[in-house]
Each structure stands twice: as C-alpha cells, then as structure tokens.
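Novice: The chain contents come next:
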Amino acid sequence: AQSVTQPDIHITVSEGASLELRCNYSYGATPYLFWYVQSPGQGLQLLLKYFSGDTLVQGIKGFEAEFKRSQSSFNLRKPSVHWSDAAEYFCAVDTSNTGKLIFGQGTTLQVKP
Amino acid sequence: NAGVMQNPRHLVRRRGQEARLRCSPMKGHSHVYWYRQLPEEGLKFMVYLQKENIIDESGMPKERFSAEFPKEGPSILRIQQVVRGDSAAYFCASSPPGTLDTEAFFGQGTRLTVV
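Protein sequence lines, in the order shown, are assigned to chains S and Z. Going from the first sequence to our numbering is simple: count from 1 and add 1052. Going from the second sequence to our numbering is simple: count from 1 and add 15.
These aren't lab readings, by the way, just hints derived from the structure by calculation. A hint or two may mislead.
Claimed, not checked - With a straight-line cut-off of 20 Å between C-alpha atoms, the simulated EDC-like cross-links for lysine to aspartate or glutamate are: (1) Z:Lys59 / S:Glu1140; (2) Z:Lys59 / S:Asp1060; (3) S:Lys1101 / Z:Glu118; (4) S:Lys1113 / Z:Glu118.
Stated by the list, open to error - Heads up, incomplete: computed chain Z residues facing chain S, CB under 7 Å, no partners named: (5) His46; (6) Gly57; (7) Leu58; (8) Phe60; (9) Gln65; (10) Phe80; (11) Ser110; (12) Phe121; (13) Gly122; (14) Gly124.
Glycine residues also receive a C-beta, built at the ideal position from the N, C-alpha and C atoms.
So here's chain S without its partners, still in its complex pose (with noise of 0.2 Å):
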C-alpha cells in the first residue's frame, strides 16, 4: 500500500540553527510531493511542490525540499530557522495525479530562543 513516513514526530531547534525534516514515500513510481505546514486551529499552507525536473526545489519562507529517487525521500531544508516557523509539518503525495494526497503524520517543530 502507498503510505508516507515521517520518522520524526517531535524536532527542536535553536533559532537559526538549520532545519532537515524528513519524509519517504512508498510507492513503485514518482509520486507528486508536497509539504505542508501548519499552524496551531489553522488550515494548511503548500510550502512547495515537486512534480518533476530539477529535484531540488524552491518555496516559499526560505524553504526548499529535495528529491531522492534512490532513497524514495523528500527532505524539508531551512538554512535559518526564524521562530515563527514553529508549527507542524506534513509531507504529502499525490499517486495517481488526481490531487487526492496520502499524508504523513506530521512533525511538529519546536524553536528554541
């Protein structure tokens, strides 16, 4: 069955520290890849995407994700962690294009002072 692990439940940062969030997919093919965050009683902000192409992509508030065939990974990255990042994070896939999304279960991401 396709499914999406995020290893990490809990992460703890310093601020500016940098920021790897990880995600692996299962899945014969490329799936769509997503991430997602989420601020506490709200709804979910695409970060970004990657369909296909340069595997290494750019979103928004200084986050980009890059893609791994090989290790069937999706990896968050932030140079600077600023504290108003904190907030949970989903990695999401999109397997038969269609705009339905298998989600991760999130990693809520701590900023310390």
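Since the structure of chain S is already known, use the hints to place chain Z on it.
Specialist: Same frame as chain S, but now just chain Z:
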C-alpha cells in the same frame, strides 16, 4: 479570488445529532476533497467529488457519513447520529479542472466537537 471557504469554523453537536459541514471551493475549481484530522494525527483522505459526482469515496466510513457536491452551491459533508469519535478537524480542499500537475488548495477547516 477568495480561497476555499469552509463553514462553520467550529461546530458543537450532542451525541446523536447531525452535523453538516460546508465547503465552497475556489472560483473555477470543480474538484473537491474532504479530509479528516483526528487529534495528534495527520490528515486522512475521505472523499473526492466533482460536480454532481462522487469520484472516490474509499476513505469514507461505511455508515453515517455522506458527501455531495451539487451543480449549484457548496459541497456538503454530512455526519448523521454523531458519536464522540467523530470529534475532529475536517478539511476541504479544491483543485481546478484537468488532471495535469494538479495542486489542491485547503480551507481553514471545521472543528467538530461532539459532547
């Protein structure tokens, strides 16, 4: 262009009552998706609709839950005879016609509490 609009934002129902959640997709979008987020969990797909058609309802519970997207008006997710386990955040997303490089846009969600 307004985003995906969901209402109400918060809904409280007693056990056994009915809950109706509404979703107005973005202008020009004809595809609607409903997801459920239980506490401390990720989002789980429930149903995918196009105007007047249910395309994929593989994530819908077999009983008490139904969804529609009529020709006119918003999409409705209906939960009959609610139970405490239905308490969750329900998110709607919409996407434009066509299936190439589809991206879905999410609403703010409806938080249902069953007391």
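Novice: Now, for every hint given, state plainly whether the structure supports it.
Specialist: These are the hints, each one checked on the structure:
1. Z:Lys59 / S:Glu1140: holds (16 Å)
2. Z:Lys59 / S:Asp1060: holds (19 Å)
3. S:Lys1101 / Z:Glu118: The hint holds at about 9 Å.
4. S:Lys1113 / Z:Glu118: Measuring from Cα to Cα gives roughly 19 Å; hence the hint holds.
5. His46: holds (6 Å)
6. Gly57: holds (4 Å)
7. Leu58: Because about 5 Å separates Leu58 of chain Z from the closest Cβ in chain S, which is inside the 7 Å limit, the hint holds.
8. Phe60: Hint holds; Phe60 of chain Z Cβ to chain S Cβ min 6 Å, cut 7 Å.
9. Gln65: The hint is violated - Gln65 of chain Z has no Cβ within 7 Å of chain S, the shortest such distance being about 10 Å.
10. Phe80: Interface hint status for Phe80 of chain Z: violated (17 Å vs cutoff 7 Å).
11. Ser110: Holds - the Cβ of Ser110 of chain Z comes within 7 Å of chain S, reaching about 4 Å at its closest.
12. Phe121: holds (4 Å)
13. Gly122: holds (6 Å)
14. Gly124: Holds. Min distance 5 Å.
When each numbered hint is compared with the structure, violations occur for hints 9 and 10.
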